[in-house]
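Visitor: Make a model of the complete structure from these sequences and hints.
Letter by letter, the chains look like this.
2 protein chains.
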Amino acid sequence: MLTQAGCRERQARLWQRLPDEISWVLIGDSRHVQYFSNFRINPFSFSADQKSLLLLTRAGQAILLADNFAKRSATVPYFVDQEAIVPWYTHKRSVTNRDDALCQALSDIENVWSGETGLIEPEGVSEMVASMVAEDAAWQFADDEDEQPTTLGTVIRSLRRSKHADEVELLKTCMRACEAGHRRAFDVIQPGVSEFEVYLEVQRAAQEVAGGPCIVYGDFRATNAMLHKAGGLPTQYRLQHGDLFILDYSVIIHGYRSDFTNTISVGPPSDKIVAQFEACRDALHAAAAILKAGVACRDLWKAASIVLESRGFGPLAHHAGHGLGLEHPEPPILVSESDDVLIAGDVITLEPGCYIDGLGGMRFEHNYLITESGTEQLSQHHIGLMR
Amino acid sequence: MLTQAGCRERQARLWQRLPDEISWVLIGDSRHVQYFSNFRINPFSFSADQKSLLLLTRAGQAILLADNFAKRSATVPYFVDQEAIVPWYTHKRSVTNRDDALCQALSDIENVWSGETGLIEPEGVSEMVASMVAEDAAWQFADDEDEQPTTLGTVIRSLRRSKHADEVELLKTCMRACEAGHRRAFDVIQPGVSEFEVYLEVQRAAQEVAGGPCIVYGDFRATNAMLHKAGGLPTQYRLQHGDLFILDYSVIIHGYRSDFTNTISVGPPSDKIVAQFEACRDALHAAAAILKAGVACRDLWKAASIVLESRGFGPLAHHAGHGLGLEHPEPPILVSESDDVLIAGDVITLEPGCYIDGLGGMRFEHNYLITESGTEQLSQHHIGLMR
Chain B
0 MLTQAGCRER QARLWQRLPD EISWVLIGDS RHVQYFSNFR INPFSFSADQ
50 KSLLLLTRAG QAILLADNFA KRSATVPYFV DQEAIVPWYT HKRSVTNRDD
100 ALCQALSDIE NVWSGETGLI EPEGVSEMVA SMVAEDAAWQ FADDEDEQPT
150 TLGTVIRSLR RSKHADEVEL LKTCMRACEA GHRRAFDVIQ PGVSEFEVYL
200 EVQRAAQEVA GGPCIVYGDF RATNAMLHKA GGLPTQYRLQ HGDLFILDYS
250 VIIHGYRSDF TNTISVGPPS DKIVAQFEAC RDALHAAAAI LKAGVACRDL
300 WKAASIVLES RGFGPLAHHA GHGLGLEHPE PPILVSESDD VLIAGDVITL
350 EPGCYIDGLG GMRFEHNYLI TESGTEQLSQ HHIGLMR
Chain V
0 MLTQAGCRER QARLWQRLPD EISWVLIGDS RHVQYFSNFR INPFSFSADQ
50 KSLLLLTRAG QAILLADNFA KRSATVPYFV DQEAIVPWYT HKRSVTNRDD
100 ALCQALSDIE NVWSGETGLI EPEGVSEMVA SMVAEDAAWQ FADDEDEQPT
150 TLGTVIRSLR RSKHADEVEL LKTCMRACEA GHRRAFDVIQ PGVSEFEVYL
200 EVQRAAQEVA GGPCIVYGDF RATNAMLHKA GGLPTQYRLQ HGDLFILDYS
250 VIIHGYRSDF TNTISVGPPS DKIVAQFEAC RDALHAAAAI LKAGVACRDL
300 WKAASIVLES RGFGPLAHHA GHGLGLEHPE PPILVSESDD VLIAGDVITL
350 EPGCYIDGLG GMRFEHNYLI TESGTEQLSQ HHIGLMR
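If you read the protein sequences in the order shown, they are chains B and V. When the letters of the first sequence are read in order and numbered with numbering that gives the first Met the number 0, they come out as residues 0 to 386. When the letters of the second sequence are read in order and numbered with numbering that gives the first Met the number 0, they come out as residues 0 to 386.
Don't read these hints as lab results, they were simulated from the structure. Errors might be hidden in some of the hints.
The list makes no distinction among identical chains, and a pair is therefore deemed to hold if it is satisfied within one copy or across any two copies.
List time: in silico DSS-like cross-link candidates among lysine-lysine, alpha-carbon distance up to 27 Å [as the list claims (entries may be wrong)]: (1) K171 with K228; (2) K291 with K91; (3) K301 with K271; (4) K301 with K91; (5) K291 with K171; (6) K271 with K291; (7) K228 with K91.
Guide: Here it is as structure tokens:
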């Protein structure tokens, strides 16, 4: 989970990026409420689609705004200095429009923001809430007159690139759960088992390690000579000898996610399939070998693609990878025309794949942290068609 | 899943409720985008926290606004006449702020809304999007000058009370998956098994019937003489003889949810526990016996509470139930001071419970549809401490 120290550090970084005249900000994207406070409505709760708000002041105060039922749906500790919680549902009376509760909460702390210059996150704050603070708050800003105006949401997204220590720890928790699913897959995958049954076993193994319900999503699909490209959620298709099962999935714990792949051969693979595997594996290693802060992301794509091409399987037909964190995908983007450059604190994935009509498709993937001094491989699952 | 006919019917009902001068509406709450179009981003996808928009015109047109990755995360068919899909991520170039894609989409269909009088859903449309249409659209309205202004979100919520045939069918799909979990629970619950292990088996059974990943959430907790009230997600606590396992959970399929409870005794129950069970069961039956359109919801609460009281267990310490659909809870609210009255089309739950220090807690629950002519019990699971 995110820590109080981490939340404070992120708030401090945000204030460094905002003009001096801004004395408060109102955040509405649920990912960003969490980023600065660790408050997140658990998707496995009765309040999954509900919103909350976070008001931060330059003086260092963090205030959570929510209804009482949304508050109950945060299942881990969070870090704020004050709460404006509106009793939307009391088990006593009928309810009204739940979103009104957020307006009420904002009204309840009017003394904090009224008359002071504020900035709202226009991507995540609703029109109804924004209209309340319209006299005091802007929704975009520019550091000087020559600059294109930007938004709080854009600034926060740029902060998110460089992960803090608590974020890396949480990502590692996701990795351990994801690895357990990959291990289980080798036990389960055999002719006659359906894609969906594989999913159920992988999901269970991941949740056992996570210690609670969590979202497990991604590609759980068989490919083969007739269907060389398939992705998305599992179907009822039952595996057959010669299939290649692409197991590319994320485990989301408290909003953060792992994302790594292996491809398992149903029965012993042919020589051609082994050659295809070796090309993908070597493409992964080639890109991994040059990971370092300062490297252009398009060069990572090229490093992977050139290996596939040299073996007669290329060029790489999709990205070589992307950033990991609260969103999928998020910067940096490892593609042929990327403008991104790796920085210390990036957590990224590398995932070269190759899909050949008449043969089948496969993909292999590891997750990495870019550090000041080098690279740490975060995922430790076995890469290979067989155990 | 929701049907095209159902989406059209709901749109028609919405237009009947809006002033004649409104020629378009812009909807941003993901539940309401789905309600009118069946477009919903699957929570088991890479776009789970992302937004989409739906623009409806009085002429009967429905236009979906989304980025290309959000579109890919809708895993069932949806029903719109036009799509404004912005290629946010192309596997070729770096990405920018994803929320900008929605503004771009709205700009792309400017010919539809510009110069015409519109109404936005202020609860669900972000400030950034709303600012684009500020000259043409209002965010609240009143039918005449004497009335308090209302919002699109409030109107849609009131429409949601009375379920359409396709919504009832989808709710029944949730019920079947939920029943499977209750059946499995009887196989699993025994001394030594952890609450979390029960959850994993229930989740699996529900998903097997649902045929895909779905959210299973609720109360998966043991109570006993020492802990007579417990709720929320399962813990690692291992069941012991004499525990009462409260299994109160929802299965969410495409946004809609079942919600029903049974309580299972770990080992044979004592006579006192059986008497407590009989009081709860009879309270449930007493409330169910008077279900009918036109009944005051406070009377349903009273009907259940009076039974508990007459057996020495009352009054009922929480709601007697609530509406079911896209939110939890939603109107009608079955509480002592409720102003709600049952209407045809309500889908509700009844869930009297009783929690006695020194004895334990239990709750029993069924879901019902209120029809023009009477009531249909939607949940068919076994209610009882033992099989």
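Visitor: So, for every hint listed, does it hold in this structure?
Guide: A quick look at each hint next to the structure:
Taking the shortest alpha-carbon separations for K171 and K228, neither the intra-copy value of 30 Å nor the inter-copy value of 35 Å comes in at or below 27 Å. Taking the closest pair of Cα atoms, K291 and K91 come within 27 Å of each other only across two copies (21 Å); inside a single copy the shortest separation is 59 Å, beyond that limit. For the identical chains of this complex, K301 and K271 are intra-copy neighbours only, at 24 Å inside a copy versus 73 Å across copies, given an alpha-carbon limit of 27 Å. Proximity of K301 to K91 under the C-alpha cut-off of 27 Å is restricted to the inter-copy arrangement: shortest distance 12 Å between copies versus 63 Å within a copy.
Only within a single protomer do K291 and K171 lie at most 27 Å apart by alpha-carbon distance; the minimum there is 20 Å, versus 53 Å between protomers. For a Cα distance limit of 27 Å, the shortest separation of K271 from K291 qualifies neither inside one copy, at 33 Å, nor across copies, at 68 Å. When the C-alpha separation of K228 and K91 is checked against a cutoff of 27 Å, the pair qualifies only between copies, where the shortest distance is 19 Å, while the shortest distance within a copy is 55 Å.
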